[in-house]
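Trainee: Given next are the chains, with one letter for each unit.
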Amino acid sequence: MLLPYFLLGGAFGIVIVEAEVVSWFRIQEMFRFDAFHMYGIIGAAVITAAISLLTIKRLGIRGRDGTPLGLAPRTLGAGVRYVAGGAMFGLGWALTGACPGPLVALVGAGAPVMLVAILSALVGTWTYGRVRPRLPH
Amino acid sequence: MFTHPLPWYVAGPLIGLMVPALLLLGNKPFGVSSNFRHLCAALAPCGIEFFGHDWKRLGSWNLTFLSGIFVGAAIAWNLAPPPVLTLSSHTVTALHQLGLHDLTGLAPREVFAWTSLLTLKGFASMVIGGFLVGFGTAYAGGCTSGHAITGLADFQPASLLAVCGFFAGGLAGTYLVLPLLLR
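Line order of the protein sequences matches chains A and B.
Heads up: take any position in the first sequence, counting from 1, add 70, and you land on this note's numbering.
Heads up: take any position in the second sequence, counting from 1, add 1134, and you land on this note's numbering.
Extracted from the complex, chain B is given alone in its bound form (with noise of 0.2 Å):
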């Protein structure tokens, strides 16, 4: 049907396709871990000012964007599943060296597998790593679409802000981090 990954300049745009749409459905602004915010004032707001919004009305446009992404990324992986990622060649020497071998699927099987949930590694990468996306956005307001797309997009200098610290994290993560929790 068409080569993977889906070239750069077909994605890229219709990504941001997202925007402008959300905004004339309902003047929205895209954002997915405002979805976060939301669940937690559903499920468990504790009394806690953060969560003491009308999560219904604020947020149940948001909550079923976030369940289309789910079920078009389940029709994607069966209907198109994307083959053996072609990576470049200098990552793939990296992640040798870091001790990761089986480098098919959407993430190393060597750390995310529930096997793995309690060893250093995938304890790190799925819950603490989980929990910091969590934590993260939260106080930054935002992740790559509410910051990096769409603040970028709006030249909003807090978003630019904020995605000066998303790399300034990820590189942590990459050259100091991983390193300590895979070799």
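Okay, chain A solo, but in the shape it has when bound (with noise of 0.2 Å):
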């Protein structure tokens, strides 16, 4: 059943555009330390996104499969491909202005350019998925 998860993001999709998070500008600001906005959003989202975690852990939540719901831990190893990868991310970040949800959101936001960002990942993702085997992880 996926319809649940197609009103989920479009909720997503209505408030980071209501929120300005899709915009260029915002990035801009965030990443010169001159508003708190985006620091803001992101540290709200964490704190109540944890306390969720948190909730959903201490009353032992399970799902329909009766698995425990939760997070499958993120396997640190060398830690390369986070801080390698992480940087890689955030150049884009700066250069296009929007992380992946925010670039999906701005062609139907008024933005149709941005099909191109778009395209461009998925060769980046694709380049990526190449070369995997080659990469420090």
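Hint data in this document are derived by calculation from the structure and do not stem from the laboratory.
Each hint should be verified, as a subset may be incorrect.
Here are the simulated lysine to any residue pairs, SDA-like style, with alpha carbons at most 25 Å apart [stated by the list, open to error]:
| id | chain 1 | residue 1 | chain 2 | residue 2 |
| --- | --- | --- | --- | --- |
| 1 | B | Lys1162 | B | Gly1186 |
| 2 | B | Lys1162 | A | Asp135 |
| 3 | B | Lys1162 | A | Ile131 |
Could you fit the two chains together into a complex? Lean on the hints.
Mentor: Spelled out as structure tokens, the structure:
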């Protein structure tokens, strides 16, 4: 049943447009430390999600198949992938002024040219898949 | 209806609630960039191991979520478009110094336009920037939603490392690369 996911995505799309998270200018404000707005949003989102996760864990809520709800832990390993991949994404975030959700939102919100950045992102992910065996992780 | 932008203390919690909502719906992890991987697997797997997963079984929900983002954004944009942004005066000065004068819309029109695609600043911002978003999120295994929100909320050290990477790259882009491209 996919409809609930569509509705949830829709709510997310509305919020990131109305909160101007999709704005290149707001991302510039963030990286220049000139405004609290984006930090407030990410910070409040993290706190809300953390309280929710702790509550779900505390209550021991299980899914329909009986497995406890929760997130798979990330393997840290050498950590290279997180720092190097993260820095590449961060550079792309500053250049496009958008992370993946906002990129898609912008195509619907009056900036269809962002389709180019999305296609480019697909090429980027594909290239990663191609060279993955040779990269340090 | 409400003031723009939607305040951080409203938007932040609403975005954070995506994490428990997706878990309760089907034990799914909030993370938008996985969709790039699913789309690659659907469109051009080319025998690459990274795209050999069952994208329909694992990714249908997320691709549906993604299409919802698009539709929700289009509805919001048409019914209640954000007015001209009130930006911090520091940012306005900095952007003027970089040669950007039209600060209306959601992205500078001088850079993000079809006609700018073949200029250095347009190509770098959209084509190279997009490539880095796709490569970087796949390499790091997540973006803002997967690492900065979900991962940090779940106290994952890997996500903290990734977020440090995001900011290192973002600051380098803002202070070193953008001045070269725009000025």
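Trainee: Hint by hint, note whether the structure agrees.
Mentor: For each hint, the structure was consulted:
1. B:Lys1162 / B:Gly1186: holds (20 Å)
2. B:Lys1162 / A:Asp135: Within the cut-off at roughly 13 Å; holds.
3. B:Lys1162 / A:Ile131: holds (14 Å)
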